[in-house]
Amino acid sequence: MSEPLGAWLRGVGLWSLGYPSFPAWVDAGMPEDLDPAGDQAPGKPSADLLHPRLRRRTSLLTRMIVTALAEAAGQGGAAHEQTRYIVVSSWGEIETTVDLLRQLAVPGGPISPTAFHNSVHNTATGYLSIASGNHWPSTALAAGPHALEIGLLEALAGLRAAEGPADALLILAEERLPAPFTRADADPSFALALHLARAPGRATHPSSLDLRIELRDSPSASAELVALDTLPSLVRTIQPLLRAIAAGSGHAAIALAQQLDAPPNRAGVERTWTLHLHES
Amino acid sequence: MPGRLPITAYSACNGLGTTTEAVLDSLFAGRRGLVHVAEEYGVSTWIGEVPGPLPALSAALSSFESRQARIAQLVTLPMLDAIEQTKRRWGAGRVALILGTSTAGIAESERAWIHQRDHASLPAGFAIERQHALHATVEVVRALTGVRGPGYVVSTACSSSGKVFASARRLIEAGIVDAALVGGVDSLCQMTLRGFAGLEVLSAEPCRPFSSERRGINIGEGAALLLVERGRHPSQGEFDHLGVELLGVGESSDAHHMTAPHPEGTGARMAMQRAIEAAGLEPSDIDQINVHGTGTSMNDATESRAIRDLFGPERSQGDLALVATKGYTGHMLGAAGATEAVFVLASIQRSLLPAGVGCDPIDASLGVHVNQTLRARASQRVLSNSLAFGGSNVSVLLGASE
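Chains A and U supply the protein sequences, listed in that same order. To get our numbering, take the position in the first sequence, counting from 1, and add 3. Mapping of the second sequence onto our numbering: position 30 corresponds to residue 19, and the numbering continues sequentially without gaps.
Watch out, some of these pointers could steer you wrong.
What the hints assert, rightly or not - Once the Cα atoms are required to be at most 20 Å apart in a straight line, the calculated DMTMM-like pairs of lysine to aspartate or glutamate come out as: (1) K76(U) to E74(A); (2) K47(A) to E74(A); (3) K76(U) to E189(U); (4) K76(U) to D229(U); (5) K76(U) to E273(A); (6) K47(A) to E98(A).
Simulated from the structure, these hints should not be mistaken for laboratory data. What you are looking at is a predicted structure, and each value in this text was computed from that prediction instead of being measured.
Using the sequences and the hints, build the whole thing.
Spelled out as structure tokens, the structure:
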């Protein structure tokens, strides 16, 4: 890379069944498990950005994404109609998809048109653009164990391109794999939103984090190894980044992807990146 | 100003054939690649199905078994020599792998769901991350090619494999990679056939884009891959390519409705406009458009409106050549954008416009003229549109090398 890709991290949002915001997770001692602790009841994402008429048709995934995104955008001051949305998820709208599999198992049976159009990977970005009148391009990606790295590459390369908006909201989100595809190693339901921008925001939004981030090629980055036949965990991948944001000071260098362990049938990647995060 | 990115190789398979040669021969001979759907789907329509038994996966890839993976392998193997050259030119880690898909291997999960209902367990060997996951298609192509740069899937329904060109262009311009293997892979499944039937847009007959007798869409499967590269190597200078370059890409969101396009074609117009601007050109520089042209009354009306608004009523019925190809392949959904980019590329290389099968009689109320018969035409700059659920639009601009 000629010069490192960089941006300002202005806001963060987190929503999981156990923690309804980033501060709630920090206050709880930054637990690795994002599900409710002990006998705590699971929360419900408010997804206030969506009109109730739209909201009632949406899945947990879409509501989590909208809720986390509103938190990040509010902190750093992202205008919803002037932002590029990037969603990265391995399973996407998996609850809606599995409900459709149940409908499809009945030969000749009816298929819900709403469930069908809500099963696409870009469902959340579609609803978000409708709710905010946003005509900028958005995208929905899947990158397996490289979700965080790929999301940052897309977001930062997009901010650098002349033709896009000056703000990006990067969202990493999963719904827990439902039956019959349940897996002990699957990620819990959660959404993480990061507001990334060409310029810092504190001048107009005092709560803006204004952490400078840079992506650097690092061939030797010691990414965590994932055993074959184990699902890579996005929740584990994002932990160092969440902790560095919570610390909010000094300098942190974060490896971005999990590597699959010695895979006989999975060719590895050669490029790895480290995310450098520091105070302005 | 962003550079022009030459295309060095391409490959396609779909209802027209299993090899690029067979696909393009059929396209320029005006032969449809559609067949009546098998009874098991419980719907009456025509589909574009990759013909014949698909070759088995190589032993190393057997755990990825799925129709999706077999189609991915079929389209990738003819590209291996070209990919080796690209890897040698830039380094395997400097080549990205960006694929569009909407279905991925969902057909395998359809069978798995029924298996667990009947046997209280998933089928032996079924792993959701290899049979069904979007990302599995990238792993299959990565394993076959040894491309080692960033690899991911864009899944924005029917615009997926048009938007891969935008991602590739951004990564190359940001200096992250020097080349990208881009494309799309989609495979037939109950989900899309019966889902679109539920939306009441499936045509019981071969589809008729832009015809006054259009009755909806046909679903197709298949794949296309293209190698896009930085124009000039710092030490080796220029290198051999196909004489066609990626000039620009435009993307937009309708911000209107999950399934219905904006009635005024706003998003489609913005996508075309942004592609033209990204290339530093004017609408008057464009001489051909491969339309999205699904054959639904709504798509064709709003896309026509967008074209008329951007290029003017005269050019839309005059010297602007409009080509609709879904009558050949059906709507290949997540593979449509890359497939139609290959059609555009072949059209520029051969200086030929393919005939518009099924487009006759043209719906005069649309105010645009779609090409109907095979004819000679030396187009220099061609847009290819893909418009999707969620209001996700993309227009890819390809041009002859100057």
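List of violated hint numbers, smallest to largest: Numbers 1, 3 - these are the hints that the structure violates, sorted from lowest upward.
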